[in-house]
Amino acid sequence: MSPTPVSPARSNRGSHCGRIAVIATHAFTQLVRMKVFYFLAVFAVIVIGSNFFDLPQHVGPESAGINVLNSIKNWSIGMMSLFSVVFAIVATALLLPKDVEDRTLYTILAKPVPRIDYLAGKLLGVLLLVFVSLALMDVLMTVVLQIRTSMILSGQMEMAHSRGWPAAEIASLRADILSQGPNASLQGAVWAVFLRASIMASLALLISTFSTSTLFTSITSFLVYFIGYFQADARDVFLESGTAGTGWLARTVSLVVSLVLPDFHLFNVIDAVIQGQAMPLIRLGELTGIGLFYAVFYVLASWFIFAEKEF
Amino acid sequence: MKRWRRPLIVFLAALLAGAVRMPFEAALTGKLRAEGLLPGHLPIGTLDKIGQTGALVALGGLRTLVATFFNLRAYTFFTECRWDDVADTFDVIVELAPQTIYYWETGAAHQAYNASSYYLNDSDLPPLRRDAAWRAAVLKGRAFLERGIRNNPGNPKLNAYLGYLLTDGKKNRAFRDADATYLAAAEAYKIAADSREALPFFRRFQLYALARVAGREAEALALARQLYQASSNRTPTLQCVYFALEVHANPAPIDPEGFALSIFGSPKQAYVTLSNYWVRGGERLPVHGVARALKALETKLAIPADKSVFVQHPIREGEDE
Chain A
1 MSPTPVSPAR SNRGSHCGRI AVIATHAFTQ LVRMKVFYFL AVFAVIVIGS
51 NFFDLPQHVG PESAGINVLN SIKNWSIGMM SLFSVVFAIV ATALLLPKDV
101 EDRTLYTILA KPVPRIDYLA GKLLGVLLLV FVSLALMDVL MTVVLQIRTS
151 MILSGQMEMA HSRGWPAAEI ASLRADILSQ GPNASLQGAV WAVFLRASIM
201 ASLALLISTF STSTLFTSIT SFLVYFIGYF QADARDVFLE SGTAGTGWLA
251 RTVSLVVSLV LPDFHLFNVI DAVIQGQAMP LIRLGELTGI GLFYAVFYVL
301 ASWFIFAEKE F
Chain B
312 MKRWRRPLIV FLAALLAGAV RMPFEAALTG KLRAEGLLPG HLPIGTLDKI
362 GQTGALVALG GLRTLVATFF NLRAYTFFTE CRWDDVADTF DVIVELAPQT
412 IYYWETGAAH QAYNASSYYL NDSDLPPLRR DAAWRAAVLK GRAFLERGIR
462 NNPGNPKLNA YLGYLLTDGK KNRAFRDADA TYLAAAEAYK IAADSREALP
512 FFRRFQLYAL ARVAGREAEA LALARQLYQA SSNRTPTLQC VYFALEVHAN
562 PAPIDPEGFA LSIFGSPKQA YVTLSNYWVR GGERLPVHGV ARALKALETK
612 LAIPADKSVF VQHPIREGED E
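Protein chains in written order, with my numbering: chain A, 1 to 311; chain B, 312 to 632.
Fair warning: there could be bad hints in the mix.
Straight-line C-alpha distance at most 25 Å; calculated SDA-like pairs for lysine to any residue [as the list claims (entries may be wrong)]:
1) A/35 x A/139
2) B/468 x A/158
3) A/309 x A/288
4) B/342 x A/185
5) B/342 x B/392
6) B/468 x A/35
7) B/360 x A/227
8) A/111 x A/22
9) B/501 x A/166
10) B/501 x A/167
11) B/468 x A/155
12) B/342 x A/111
13) B/468 x A/227
14) B/342 x A/187
15) B/342 x A/288
16) B/360 x B/342
17) A/309 x A/94
18) B/501 x A/175
19) B/342 x A/293
20) B/501 x B/548
21) B/481 x B/560
22) B/468 x A/185
23) B/481 x B/507
24) B/468 x A/111
It is worth saying that the hints were derived from the structure and are not from the lab.
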């Protein structure tokens, strides 16, 4: 029985994936060796510490503990956001210059490795590390939150029963507490944190293809990150400028900002989830779609510039 | 020139891609805002108050984290009785985390209860100023709560809390117009009771507030009759309010004593429940026919004159019909 012939196109596709996987694994290992996971120890201390930190209680006993649950979520998601964005930017900004400095880039590009494979592999390596780190942080946050929620729930139920609360009120109190505990929406928020980091990493990759220094790439990326939170305002200015009588210069600037920069205001849904709002799966899907759109566009743009770059 | 050709093409492509995604992003923003998943813009005043670093963190997508820090700061101000600082801090907190109901409740409680009581007992102030400061703090608490409701329309906890504040006998004299206040309380309880997460007592509390509004007795009676149908609603207060409203609607045909027995079951139970209700005279609950029924029951149960409920809580003018 003769082996099934493999079409050249299929073979090529397979090798693309293989090459990307090899480069991604290498980038992941390279970053792990930079002792990035040490951050997880800091995260663990903060999350576990926030669990033992008894926040002052302003109102009645029926609210006891709810602000602590809020606080654990705030600290955890806050740390995840900070870590993911800073890491995504700095690690991506470092990758190309480091490969140039180590001369690894010349070795790779001297081989039949398409530049898109190289860029995609490097980016995937960074994203893999961000994903693994966020997953570990998420597990820790969920465990701590679950333990604290159970503690608060049992304390509050005891209080309600000892005071002879009616069943409906006890059920409402239980629902209130559980809504602040770990749930699917909170996992959605962590996914949104990852999406935002992915956009920033791919944007930093684009900037690093024409930038001459790591510092420039990092600073520009952080600026874009903060301006991205105003992108929605710029879009509103442009869309509503017809009725507001805005001048042409303001209209043009707002249009350019809203077209070129990513909209990070959308990721403020994370804040709403921390406050106990439920995020429908469909919205998370739409957010993922937008995140993928940015990531793919920035990678293709990076490749377009990088393809012609001479070393 | 050639060096910048590709970046320029990328820039143009970014403009094109932006034009493609803009309608999707605008639509998604609209949907998320409508679902309460996206907060509004931070006012300039708030950004000033949280300082440059705080603003940077808040603008970087960590608003609720900044709110947590400010909550700690508010607690310090509370322990030092710096009420204006407490109010300012909670203004910032709710701008940062407008959907956290706990912050709205706490901010309102600090003003309407803690600050107002502090001013009322502030021996450094002359009596008139104490009262004015007390009233201003209660009004501030109410305004804060109403702001919370505007930010979280239909929220049962905030509406129930507003109803509670407006019907609180120790606070509601701050609102001057009693009828308007009780009507607002009834409205707040109605919104709370209509919500999906309503607790059973919200509807009863709506009735108690409505029953205290002059001229709305018929509406209150209709609600009382509806609630009375369910045995789980037959709490002592509801039974008494229902009794008083029925007597008010039908003063002549109803024999208060007989009607009381039909509601409360036995003369002793009727006497105990109605006398407990009667002593709550300061709460402005309707008392039509209550005194007459109590007098008849005292005769029936042979209550000695010195043990009569009217010894300590006599009938005031216009209290019984």
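Against the structure, the hints come out as follows:
1. Between the alpha carbons of residue 35 of chain A and residue 139 of chain A the distance comes to roughly 20 Å, so the proposed pair stays at or under 25 Å and holds.
2. Note on residue 468 of chain B and residue 158 of chain A: the hinted pairing holds, with a Cα-Cα distance of about 22 Å set against a maximum of 25 Å.
3. Note on residue 309 of chain A and residue 288 of chain A: the hinted pairing is violated, with a Cα-Cα distance of about 31 Å set against a maximum of 25 Å.
4. At roughly 17 Å between alpha-carbon atoms, residue 342 of chain B and residue 185 of chain A fall within 25 Å of each other, so this suggested pair holds.
5. At roughly 42 Å between alpha-carbon atoms, residue 342 of chain B and residue 392 of chain B are farther apart than 25 Å, so this suggested pair is violated.
6. Of the pairs offered as hints, the one joining residue 468 of chain B and residue 35 of chain A is violated, with about 47 Å between alpha carbons and a cut-off of 25 Å exceeded.
7. For the hint linking residue 360 of chain B to residue 227 of chain A, the alpha-carbon distance of about 21 Å falls within 25 Å, and the restraint holds.
8. Our distance criterion of 25 Å between C-alpha atoms is met by residue 111 of chain A and residue 22 of chain A, whose separation comes to about 14 Å.
9. Distance hint between residue 501 of chain B and residue 166 of chain A is fulfilled; the C-alpha atoms sit about 20 Å from each other, no more than 25 Å.
10. A C-alpha spacing of about 21 Å is found between residue 501 of chain B and residue 167 of chain A, which places the hinted pair at or below 25 Å, so the restraint holds.
11. The straight-line distance between the Cα atoms of residue 468 of chain B and residue 155 of chain A is roughly 21 Å, inside the 25 Å bound, and the hint therefore holds.
12. The hinted pair formed by residue 342 of chain B and residue 111 of chain A fails the criterion: a straight-line CA distance of about 49 Å is larger than 25 Å.
13. A C-alpha spacing of about 37 Å is found between residue 468 of chain B and residue 227 of chain A, which places the hinted pair above 25 Å, so the restraint is violated.
14. Distance hint between residue 342 of chain B and residue 187 of chain A is fulfilled; the C-alpha atoms sit about 21 Å from each other, no more than 25 Å.
15. Note on residue 342 of chain B and residue 288 of chain A: the hinted pairing holds, with a Cα-Cα distance of about 15 Å set against a maximum of 25 Å.
16. With a C-alpha separation of about 30 Å, the suggested pairing of residue 360 of chain B with residue 342 of chain B is violated against the 25 Å cut-off.
17. Restraint check for residue 309 of chain A and residue 94 of chain A: the C-alpha separation of about 17 Å stays at or below 25 Å, so the hint holds.
18. Between residue 501 of chain B and residue 175 of chain A the CA atoms are separated by roughly 21 Å; this keeps the pair inside 25 Å, and the hint holds.
19. A distance of roughly 19 Å separates the Cα atoms of residue 342 of chain B and residue 293 of chain A; the hinted pair therefore holds under the 25 Å criterion.
20. Between residue 501 of chain B and residue 548 of chain B the alpha-carbon distance is near 18 Å, which keeps this suggested pair within the 25 Å criterion.
21. Proposed proximity of residue 481 of chain B and residue 560 of chain B is contradicted: the alpha carbons are some 30 Å apart, above 25 Å.
22. Between residue 468 of chain B and residue 185 of chain A, the direct Cα distance comes to roughly 22 Å. Compliance with the 25 Å bound is thereby established for this hinted pair.
23. Proximity of residue 481 of chain B to residue 507 of chain B is assessed by CA-CA distance (about 30 Å); at most 25 Å being required, the pair is judged violated.
24. Proximity of residue 468 of chain B to residue 111 of chain A is assessed by CA-CA distance (about 66 Å); at most 25 Å being required, the pair is judged violated.
Checked against the numbered hints above, the structure breaks hints 3, 5, 6, 12, 13, 16, 21, 23, 24 and satisfies the rest.
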